[in-house]
Structures are given as structure tokens and as C-alpha cells.
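A.B. asks: Chain by chain, the residues run as shown.
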Amino acid sequence: MSEPLLEVRNLTKYFPVVKNRLFFSNRTAEVRAVDDISFTIHKGETFGLVGESGCGKTTTSRLILFLEKITGGTLLFEGKDISKMNPAEFDRYRASVQAVFQDPYSSLSPRMKVGNIIAEPIIVNNSAPRKEVSEKISALLALVGLRKDAHELYPHEFSGGQRQRIAIARALAPNPQLIVLDEPVSALDVSIRAQIMNLLHDIQKKMHTTFLLIAHDLAVVKHMSNRIGVMYLGKLVEIGESEELYSNPVHPYTQALLSAALPSHPDIPRKMIILPGEVPSPLNPPAGCRFHPRCFKAEGICSRQTPSLKEVSSGHLVACHFA
Amino acid sequence: MISNDNVLEVQDLKTHFYTSRGVVKAVDGVSFALKRGEALGLVGESGCGKSITCFSLIRLVPRPAGRIVGGKVLLEGEDLLTKNEKEMTKIRGKRITMILQDPMMSLNPVFTIGEQITETIRVHQKLGKMEIWEKVKEMLRLVRIPSPEVRMREYPHQMSGGMRQRISGAIALSCQPSVLIADEATTALDVTIQAQFLSLFKEIQEQANLSMIVVTHDFGIVARACDRVAVMYAGKIVENAETRELFNNPAHPYTIALLNSLPKMEMKVDTLYSIEGQPPELHALPPGCSFAPRCSHVMEICQREYPPQKEVAPGHFARCWLKG
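Sequence lines, in order, name chains G and A.
As numbered in this note's numbering, the first sequence has no gaps in its residue numbers, which increase by one up to the final residue, 324.
As numbered in this note's numbering, the second sequence has no gaps in its residue numbers, which increase by one up to the final residue, 446.
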């Protein structure tokens, strides 16, 4: 395995719930969006994070992008603690971690021409000399498969799939090492999704960019990722190589999640594990293992003790008492 | 041509929108039949006309731009397109009902769940107050809402997304409809909640011998829940077959390309098959086959004339020049 690019250690994010009373505001509770998670993303790989809405996968990506303040834990980028970086190093970190968001209709400024959208991160981060900026823009447009004169147009002149290509070009502009892909294809039409997934695959091959992929579509995550982490209610419950994880899921939640995935052919037999109830509120998560109220394997210990990640086979970690 | 086991027959349905940019032929000659107890999947990308087809069936096409300009919608032999609004009100919600994508939009936030289910029953059935209350409880139990006596006094915001969608289901089922249309009903739900919902509806459908039209963009839902599939592209049904037949022997290049472009959990491929280009604009359709500009098997005739429907195998229809 190649060397680690980003190490996430005991990352935690609590959002305070504040009640306003006339002159006082009281912190009444905390939403534990991300609670003590650790994983490592290696250079050149695609790490997928899956889980249902509210499990904390997007919050995790926002913490990595520094769009939210970290409550606890550390992020090590190429071995360096981000909180201990000097301003110049920190600027470099921000340039080398970029993002592509779900909805290309809201992630591109409607008032800027495509050329300016892509130029901005190049100029801000000094990632190319001034004279070469327009050259770099044309190169990026060609790379993502947009026509040459695209830089003179506005985002509204493009379709959803083309806009997502613009967003990818913008993310690539400051020569990043890591790109966070937050649901990059879920807003797109079925026939366009394959185009964008293939484009991302080609870019990774050419530029050796590392991806952190966040998606809820299990087939998409499997297709694009080398390793996958499964999240439930702010916790990482299982990490493994994607083939291993899908063929041999160990955590009961992963098993249920994969069994619920829709089949690609009507003849595929699948034992469905239908989970009772719904995901509890992260305001008041269950004690012990957070999955125990819905788990079909739960016993006394599950409600008392929080399981930690244990290695069940090489590179396959599971947080379950029965693993 | 009305056979007895067809609950719903749609013949050459045309719904057009008259806009400043020209006539948008959202639904352009759609025909299909729905058998009793069958779940028909209506699959296509956004803007292909699948939702407008459904809104045309229940005569709720947005006015004044949209108009049903031709065709027949035969519900148990009666043409719904000849009914006036008063007659439609008696049919809609009773004999043909619909569940929409977002339950937060389709449920009223200021009425309790009980009141909203009651309304449908009161409008369509002559029942006493107590009987209605009992019926509401029964419906909530049917869609597996725990402690219905308590829940029926609560408001939509007190429920989770999955529960709200089941409540929409309870409202739609409360008058034992002949046809239930589910328009992307599980799209907004999480994977495990979606599985809950689909298995519940499959069960109810089999018990009540309900006929369903399942509108979706996801072939996975079709594979799990539908007996038959109609694939739509640019306002027309391009292929119609039994689910197994369609997955095993897709005939139309669009269906083949769509099925190949989906990532599969069972197989690892490096590059996915991808369909080049975009779906066409409905107000400026190319002459001939609308898929021709993106088709890898395009022939000269495809650009001139729209292909007629051909039966490529028993019960398997496709509209493609390659098959004729």
C-alpha cells in the first residue's frame, strides 16, 4: 500500500443546540455529528464513505475541508498536524484539498463566466504564473471534455453534466492532491452519471489525485472506491477494501445496508435484512453501541460498552462486540 | 380491444405544453396496459415525460400551458379523458390514486395525520364517524405505524421521512383504489428505509391484488418491485416488456446502453459504458427517432422516420428500426 496522505485521528464534531431566552442563550445539548472517528487515506486511492443521511459523512468531509471548526481530534496531512501548521503551510494545505459538491446548479456562481470560475483558484493560490493562466484554463477544459470556447460562457448555458465537469475543472485548478467528492453524481441523470464517473476515473489515472468519495448509492461507491468506510450515527462501524467489505461484511449494520441495496437484475437472489425502526437522533444517541436498538445480534454488553474498531483480517476493521 | 384483466389501458396519449419557446411534446403517443395485480415500472430520465404521463392519467396536468391533446385513458373500460371535473373528483383518490416523491410537500403541515386520512375516506365513502376512525386506525396498522391511536393525533413534522411516506401510502390506499401510481415514492428515502417501504408495498400489493404504476429512474427498483417495465425516452415509450425479459434481452439501444452504464455491485469494471450527449430538448426534437443523435447503431432511416412499435418477442415491444 502506498504512503498515507491524510490521517484522521479521533475526529469529533459536536454542534451545540442553543436556546435563546431574551438576554441569555443557553447551551442545552449537543448534536454529536461526528464522534471520535479515525481512518487513513492513502496517496492515489479513492476512499469511500457510505452511510444514510445524518450519519456524519458530509460533516466529516467539511471538517477535512476546514469548512467547519473541529471540536476534537487531529488531521495529519502528509504526516503534519494541520492545527500546528504555519500560515504558509496551511494555505498550501487548503490549495491541495479541493471539493466537488452534489448540486452543480448551486455550486457555481451564476454571475461568473466559466473561465473566471476556473481562473479564481489558480490566481488565489498562485498555482500558475499569470501569463500561463489562460493556457491552463484551456488545458483544464480539454481535460474535463468541455469545448474550447466554454470559458466565455456562463454556467446557465450548460446542462447538469457539463456543469459538473466545470466544477471538476475548478477543483483541479490549484493542482490538488486530495479532492473531496460529495455525492458527485447523485444529482445527475442516469445516462450522464457514467460519463462523470469515467471522467473521474481517467483524471485519477492521469494526475494520481486522491479522492474522498461520499455517496449513498452503494453501487457507485463500490465502483469508484478502493477502500470504504461505513458510518452510522457519527461513528465509523467498519472499514475495509471494497471487494472484501462487499463480499464479506462483518458489522450487522453493513450487512443490513448491503442487503437493502437494490439488485441490478431481477434474478439476483438476496436475503433482505429489514431493520426495525429508524435511525435515532444524534442529539441523544443510544448508550454503548449506537446500533444496538436496531441490531439483530444485540446482547446485554452492546448497551453498556461502546465497541472500538478491531482488525478482523488484514486491513478490515470492525467495531462490533461479536466481530 | 378491452380485455377483462386490463385495469387500465392508455392508448396514444398525447400531452403537450404550449410555451413561448414552442410546443413541448412532453407525452407524445404513449400506449400501455396495466393488468390487475400487476406492478408496471415506468422508467426514464428526468424530462422524459414519465411524471406528466401520470398526471395526465389523473387529469392533473398543469394548466393553462399543459393540455391533453389526444388519446384515451381507459380505467376499467371508462375513458377518463371524457369525464368532466366533477366526475373526475369522484374517481381521483378513490379508484386511481397517487403517492408523490416528497411527503413533506404532499401532506398538510397544519392537520393531524388522522384528519388527513379521514378526509379522503369521508369524501369517497359513506361511513359514520366511529367507522371512519376505525378505518383510519386500520389503515395506519396496514402501513405498520406503531401505536396508531397516538400517532393519528400527531402532525407530519413529528414523523420521520419513512413514516410520512407510509402515511401518504395509507391515504392513497384508504379507498381500495384500482390503480395506485407511485411517482418516485422512494427516491427521497434512505437505503434501508427504502427497502422497508418496498417490501411493505410489495406485500400489500399482493394481498390486495392492487395494480401499481411505479415511476422511477432507478432500474434497481424495477428489478425488485415490478412485473413489467416501460422505458420512456423523450415523450415516447421505446420499450415495453416483462421485467425479466427486459433485463435478459433488452432490445432498444437506449435500454441496452442504460443497463450497461449502471455500476453493478456484483462486478468490477474499469470503465463504465457511457451514452454520449444529453437527452434532447422536448421543444426541438430531431426528426425521426429522438434517440438517433446518441445511438451507436444509428442508420440513415433513423434520422428520417420514427420507428413503429414492433413485437420482438411475445409480449416484448420495442420501437427501433434495428428490430424490423
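It is possible that some hints are incorrect.
What the hints assert, rightly or not - Derived lysine to aspartate or glutamate pairs resembling EDC-like cross-links, with alpha carbons at most 16 Å apart: (1) Lys390(A) with Glu244(G); (2) Lys206(G) with Glu131(A); (3) Lys386(A) with Asp268(G).
What the hints assert, rightly or not - Cβ-to-Cβ under 10 Å is the rule here; a few derived chain G residues that face chain A: (4) Val19; (5) Ile124; (6) Val125; (7) Asn126; (8) Val191; (9) His217; (10) Asn249; (11) Glu279; (12) Pro287; (13) Cys296; (14) Ala299.
For the record, the hints were derived by calculation from the structure and aren't laboratory data.
For clarity, every value in this text was computed on a predicted model and none was experimentally measured.
Virtual Cβ for every residue (Gly too), placed ideally from N, Cα, C.
A.B. asks: Find the hints from earlier in the document that the structure breaks and name them by number, from lowest to highest.
C.D. replies: 2, 4, 5, 6, 7, 10, 12, 13, 14
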